[in-house]
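A.B. asks: Assemble the complex: chain A is given as a structure, and chain B with the ligands must be docked to it using the hints.
Taken in sequence, the protein lines are chains A and B.
Per our numbering, the first sequence starts with residue 1, numbered consecutively.
Per our numbering, the second sequence starts with residue 1, numbered consecutively.
Hints listed in this document are in silico derivations from the structure and should not be mistaken for laboratory results.
Since we're looking at a predicted model, the values are computed, not measured.
Heads up, some of the hints might be wrong.
Said to hold, decoys possible - With a straight-line cut-off of 20 Å between C-alpha atoms, the simulated EDC-like cross-links for lysine to aspartate or glutamate are: (1) B:K339 <-> A:E213; (2) B:K200 <-> B:E435; (3) A:K126 <-> B:D304; (4) B:K205 <-> B:D251; (5) A:K126 <-> B:E435; (6) B:K29 <-> B:E105.
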Amino acid sequence: MTTTTAKPVPAARKGGGAQQKLLAFASLIVLVIGFSLASPNFFQVANIMAILQATSVNGVLAVGVTLIIITGGIDLSIGTLMTFCSVMAGVVLTWWGMPLVLGVAAAIATGALCGLISGTFVARMKIPPFIATLGMMLMLKGLSLIVTGTKPIYFNSTPGFTTIAQGSLIGAVIPEFPVPNGVLILFLVAGAAAWVLSRTVLGRYTFALGSNEEAVRLSGVNTAAWKMAIYALSGAICGIAGVLIASRINSAQPALGLGYELEAIAAVVIGGTSLAGGRGTILGTLIGALIMSVLTNGLRVLSVAPEWQTVVTGAIIIVAVYADQLRRGRAA
Amino acid sequence: MSELVRMEGIDMRFPGVHALKAVNFDLRKAEVHALMGENGAGKSTLMKVLSGVYQPGAGRILIDGTEVTVPGPRAAQDLGIGIIHQELALMKDLTVAQNIFIGREPRKSFGRLDEARLNAAAAALFASMNVTMDPRAPVEGLTIARQQMVEIAKALSHRSRVLVMDEPTAALNDAEIAELFRIIRQLRSEGVGIVYISHKMDEIKRIADRVTVMRDGAWVGTVEAADTPIARIIAMMVGRELTDETVQIPDLSVAETALEVRHLGRGRAVRDVSFSLKKGEILGFAGLMGAGRTELARLIFGADPRDGGEIIVHGQHRQISSPEQAVRAGIGYLSEDRKQFGLALGMDVRANIALASLPRYSDMLGRIDEGKLGEIARDYIARLAIRTPSDAQEVRLLSGGNQQKVVIAKWLLRDCDILIFDEPTRGIDVGAKAEIHRLLESLAADGKAIIVISSELPEVLRLSHRIAVMCEGRLTGFLPGGASQEEIMALATKRDSMGEGEAA
Ligand SMILES: Nc1ncnc2c1ncn2[C@@H]1O[C@H](COP(=O)(O)OP(=O)(O)OP(=O)(O)O)[C@@H](O)[C@H]1O
Ligand SMILES: [Mg+2]
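With the rest of the complex left out, here is chain A:
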């Protein structure tokens, strides 16, 4: 008998993926409730908005690097690339006095171009992603300092620049709910990335590359080109992060950036994306980024020393990945 049993059954992975996000989401809720009970200052509109605002930059970076991590790669240059993009926005806006749109476009284009370069190193020159992007990280850090002469560029001459992240379109409509634009942008970027991952050819190849790159190549797919496209897209997203951070501090700070890549990667990992590639979700990453900023904020509200915040974040990464391992062990 060779007939098929075509009963539509919920696929194992869908169940597993949902479970994993549920776990991360539940931890987030537990944290929020815990901090709310511990301190009356925590669950206030202003504080929640501060948490969201603090998530925006790390969140956007984490969304970008999620794409690369799903392909089985890694990008260590996202932090310094973000800074380099904000510097380029400063060059176009403050030094050359061009209109706002062009400044934003310059940041995003710079990001895409640098991502494309990283992608070329990885996909065409076959340099391992860790090394290639380590090199990019240092080059971009140096370039930011060279271009600016190590001095920050301020955006005082560009009206409206700070409202990109700090203004509130939603607050203008619903005053009780002043969600900063930076947060809005984070959710838009995340939504777009999730859409690309689940609905488009690029997204499908992102997962396929992480799952078995050689099989994809032998399916007649130009794997190098697609990989470069993914790095470029992730770079463009870093450009958006660059605009956000510059807008929040109203300046491009060339010395900033190092360390952001690790925070972003931590958020991705907490969100359940596997560093081995092949699986991961944007929603998970978003929750991971939120967990990190809730933790930082909550501990600060409870007047815990910043040093301890770092320790706790480190521990959370271990716990999150271990929980995921346990879940997977049971499923297998």
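C.D. replies: Frame of chain A, contents of chain B with the ligands only:
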């Protein structure tokens, strides 16, 4: 005869799959017990239960008449149960001896490894098997057959009294199979009970004492191998009688040439190969392991760089230096190693079927038409009888043979005019094999040009309209369809290339 293992009423479910339905199985001392059944029948799963990889939902396991639990692979080893899985699981960068004794390395003082004792112990094992093998050789460089010897030695090093072999001969050539059988017979004479899983029907008569057949997760019957005709076993497996079919050679005298290959070469693996292939033709490639057939296929497909030569598709010279260009020229390649080269194991059936055709099912924004793809995937699942709970099942959870069908579906969907099938039915059961053979024939009848590479001569003979034989990287000759096995073997061992004039 004393009973070694008894499994009673073993029941096992995976999400959406009732993989084992109250299965009974027993194994005696000093016997080779063949476990047969179609792809997805549950053979591997039953043996994974015995070796502690899975815990059954119900049922009991008795060893030497006492009930035991096998909570994990380690416990199975302690009970004397060794298993060689369908997918070999050796650490490629370690040496043979290091692989065998992984986790049990002999130590010297201060925890230093005693490499000398390690190698000596491994050498002793191989000596007892009457196999020559260098314990210091890295596993990476070994052929599949040699790796299998290492797996067997590893199982024996645990003093296994029960040895399970899951499709050990799937990737072996005839000489290697003979060597494996010699070792199996030797182990049997030493009292080891062997469970032998295979899809190759001729092997039952050669090696098995008893045969148990499973179908759809259920036990169908256990019979004596010596007095049961093969046809009867096949009928038990597929639930109906299969008729023997032979090749029908079509008249291709007026057919256009689809593919022409001239003076293709790559190092010593492929040397100056020229041939042509017509629309509607099935050209079989026969040869011993290492004859260069897969290497030739990979050159035509642009998967490896070639030293020289021309590829002409439908009369036009094509620059093929990547699989992407090959696919664009209408050439599809079904790799012999589906795990490594054919499938994205972590992705679902639908995504794998679509992997080579995504641009066709997406719009200008790159949006994928999931509804359409789902429909197509379900159609192929039905047409190829792929056993899966749904098109959203991850491919790694399918049985070996069903994974192979997913790869075939991928290339059928891509709709290439020239299809190269490298070992298309490796690890595929008899029923599905007949279906795939008929499928290839109907593809040829539709005007596709097909190359079939197979190490099983009966398969080459069953399918080929014309047979090309290779030896040591050279094409040693062509034979008409329906040639005899002797003629093929003569060419397969002929070490000098055929003359220019003979090239078809
Ligand atoms: N981990 C798993 N999760 C879900 N389903 C599984 C899992 N392992 C096996 N299955 C399913 O259980 C059934 C039996 O699979 P099994 O691998 O035992 O088949 P098999 O008889 O060894 O087939 P083959 O000859 O193709 O190797 C199949 O339908 C398979 O898809
Ligand atoms: Mg199996």
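A.B. asks: Give a verdict on every hint.
C.D. replies: How the hints compare with the structure:
{"no.": "1", "hint": "B:K339 <-> A:E213", "in the structure": "holds, 12 Å"}
{"no.": "2", "hint": "B:K200 <-> B:E435", "in the structure": "holds, 16 Å"}
{"no.": "3", "hint": "A:K126 <-> B:D304", "in the structure": "holds, 16 Å"}
{"no.": "4", "hint": "B:K205 <-> B:D251", "in the structure": "violated, 38 Å"}
{"no.": "5", "hint": "A:K126 <-> B:E435", "in the structure": "violated, 42 Å"}
{"no.": "6", "hint": "B:K29 <-> B:E105", "in the structure": "violated, 30 Å"}
In summary, the numbered hints that this structure violates are 4, 5 and 6.
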